[in-house]
Amino acid sequence: MSYLEVHHLSKRFGRTNAVLDVSFQVERGSVFGLVGPNGAGKSTLIRMLATVVRPTKGRITVDGLDAIRRASQVRRWLGFVPDVYNLYDDTKVWEYLAFFARCHGMPSRIRSAAIAELLKLVDLFDFRFAYCKSLSRGQQQKLMIARALINEPQLLLLDEPLAGLDAESRSEMLEVFRELAAMGKTLLLASHALADLVDVCDRIGLMAAGQLTSVGTVPELIRELEITQRLRLIVLEEPELAHRILSQTPQVSELDLSHMTLTFTYRGGRTAQADLLRQLMGNGVKVAQYAPVSQPLHELLASAPPTPVSPDQFKP
Amino acid sequence: MMVNPVLVQDMRVRMRGGAAYLLLTSVILAFGGFTLATFWAITNLVKPVSVTVVVPGAPTTGASSPPPLDRLLISQRGPVFFLLMALWAIVLIALIVPGATSGSIAREREMRTLPLIMSTPISPLAVIVGKLLSSASYVLLMGAAGIPLFTLVVMFGGVPPGQIGPIVIIVLVTAFAFAALGVFVSSVAHNSLLASLITYAVVLALTLGSYAVYMAASPLSKAVSMKYALYFSPLAAVLSAMTQTNSQLNSLVSQFYREPGTRVAGDWWVLSHYPLWYVTTAIYLLAGLLLVLAASRAINPLRRWI
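These protein sequence lines are chains U and B, in that order.
Sequential numbering from 752 applies to the first sequence in my numbering.
Sequential numbering from 2 applies to the second sequence in my numbering.
Worth flagging that the hints you see were computed from the coordinates, not collected in a lab.
None of the values given here were measured: they were computed from a predicted structure.
It is possible that some hints are incorrect.
[Stated by the list, open to error] Cβ-Cβ distance ranges computed for the label pairs, FRET-style:
hint : chain 1 : residue 1 : chain 2 : residue 2 : range
1    : U       : 765       : B       : 255       : 54 to 60 Å
2    : B       : 20        : U       : 979       : 37 to 43 Å
3    : B       : 20        : U       : 816       : 42 to 48 Å
4    : B       : 30        : U       : 821       : 49 to 55 Å
5    : U       : 840       : B       : 274       : 49 to 55 Å
6    : B       : 192       : U       : 752       : 39 to 45 Å
7    : U       : 903       : B       : 166       : 36 to 42 Å
8    : U       : 915       : B       : 3         : 32 to 38 Å
9    : U       : 868       : B       : 290       : 40 to 46 Å
10   : B       : 203       : U       : 767       : 32 to 38 Å
11   : U       : 840       : B       : 275       : 46 to 52 Å
12   : B       : 19        : U       : 915       : 30 to 36 Å
13   : U       : 816       : B       : 290       : 29 to 35 Å
14   : B       : 3         : U       : 821       : 18 to 24 Å
No residue lacks a Cβ here, since even glycine has one placed at the ideal position from N, Cα and C.
Can you build the whole structure from these sequences, using the hints too?
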């Protein structure tokens, strides 16, 4: 049994499916990343996992407990940082953490030591008597992460945890995440930027239009994303011949011809792409250039087919 | 024992800065001003005796005892002063409590801090109770600051402790019910401004509106249908409690208030079997408790309804 299990989870707001039939599992002590463009449903999914949004359908279990029915128990194990937040203006850094420590029922005899330790961890100890509103955006983000750690959670849900941090703070935070995972804590990080997560995540799930389109390790995902790729072929002569061959190839779609350049979407891995090149040249096409069109991540994600999958398929 | 974290946090933040103390000072000044004006009116406009200087040998003029209404007022100066103070206290509660409570949850929602609190093991009911207590304790602080003004009643006398008790109960229950209303509206409204407007509208309708409806009605309507409006007015509850055991005061205020119905022995299920302030206090207490429970339901992110 995995530490976090999500079964066919859906959330509907009016007529919009924010999350649709998402299933995946996360092992204890691992770091799982959710990557997708804005509006993909990452934040709604994380909020459901944090028990602050009720799913329309589906089930979440944390360490075998139903997160909705046993929410008060599950919340003891959770640390949650939302994507959009505000801090209390008239509250000092120390008081802010003390408030959430009290909400978690932390006894006063250990509260001060725990807060001091966390503030040192996120490099905010010198700001402990400063008002939250006086902190910079990056410092506020660090304070939010410290707040999420106040109850020594077993499961950390962090939505865009590196937003607003400078390069040095990002690498410090990533190091903190690695240490937390090494301590046996389970982390789920969401970001719109794959680059934020590749260095720290054991596995990554790609989301688009509310659906989980792919789950795997970083190398697996890169391979999978390359299966559907936009390619560019530049020929020296007879572009019509290349066009005819490509248009008869079932894996080719969205074929455009402009002078000597053909651009098309090809469904197939690198081997299949090499076979296609061989076939073109074998038919007398004089190839000047044959290369993938560089695509931003959100376009790759959008082109990845939304294929909801069973939890078994995504077992690590 | 763990003190409610929301209560600790809210009280700390509420008393930080000058706004809380400025409001407290303003309320005490307003209450003090009203008290002194009332005190002056009672001591100067209603003279205790008509002083007649009799000069030996001079013909006797028309010196006589005061007219009946004045005599009644003279004997009831203490209760009238206390009644006016109690009515003013209710009006102040109606003006202060909605402002102190109606933003409590809505502001958390506006700032997006509510999901952070709700992702901790603290129960929705504890959050609501914390918000309610922090607002109530601020209002109680204002009330406590106004207690010395009530001691002026001692100068007139005529108000037994048995009459003070019901007034204290009515004031506290009214403050609780209005605070619960404010927190409930705050928990369902989209923003604190809307919550504030709705709470003020409902509180003023209950406090003044219900009484105004009764006063505007014809004598027949007052006796038959409009009497029920009085059961929702804390002002009527104060009048009911004060006139319950004081027939002289009862006749003095009969222009403004008449206890609805007559008490018939044995008809315990009929509203008019009980003094109005019993019923009003019970309604407010029950409504307050229900509103607290409804508010805790409304902020529960995993609820199925509302």
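Evaluated hints:
1. U/765 - B/255: 54 to 60 Å: Holds - the Cβ-Cβ distance for residue 765 of chain U and residue 255 of chain B, about 58 Å, lies within 54 to 60 Å.
2. B/20 - U/979: 37 to 43 Å: At roughly 60 Å between Cβ atoms, residue 979 of chain U and residue 20 of chain B fall outside 37 to 43 Å, so the hint is violated.
3. B/20 - U/816: 42 to 48 Å: holds (44 Å)
4. B/30 - U/821: 49 to 55 Å: holds (53 Å)
5. U/840 - B/274: 49 to 55 Å: holds (53 Å)
6. B/192 - U/752: 39 to 45 Å: About 44 Å separates the Cβ atoms of residue 192 of chain B and residue 752 of chain U, which means 39 to 45 Å holds.
7. U/903 - B/166: 36 to 42 Å: Taking Cβ atoms as reference, residue 903 of chain U and residue 166 of chain B lie about 51 Å apart, which means the hint is violated.
8. U/915 - B/3: 32 to 38 Å: holds (33 Å)
9. U/868 - B/290: 40 to 46 Å: holds (42 Å)
10. B/203 - U/767: 32 to 38 Å: The hint (32 to 38 Å, Cβ to Cβ) holds, given that residue 203 of chain B and residue 767 of chain U are roughly 34 Å apart.
11. U/840 - B/275: 46 to 52 Å: holds (48 Å)
12. B/19 - U/915: 30 to 36 Å: holds (32 Å)
13. U/816 - B/290: 29 to 35 Å: The hint (29 to 35 Å, Cβ to Cβ) holds, given that residue 816 of chain U and residue 290 of chain B are roughly 32 Å apart.
14. B/3 - U/821: 18 to 24 Å: holds (21 Å)
Checked against the numbered hints above, the structure breaks hints 2 and 7 and satisfies the rest.
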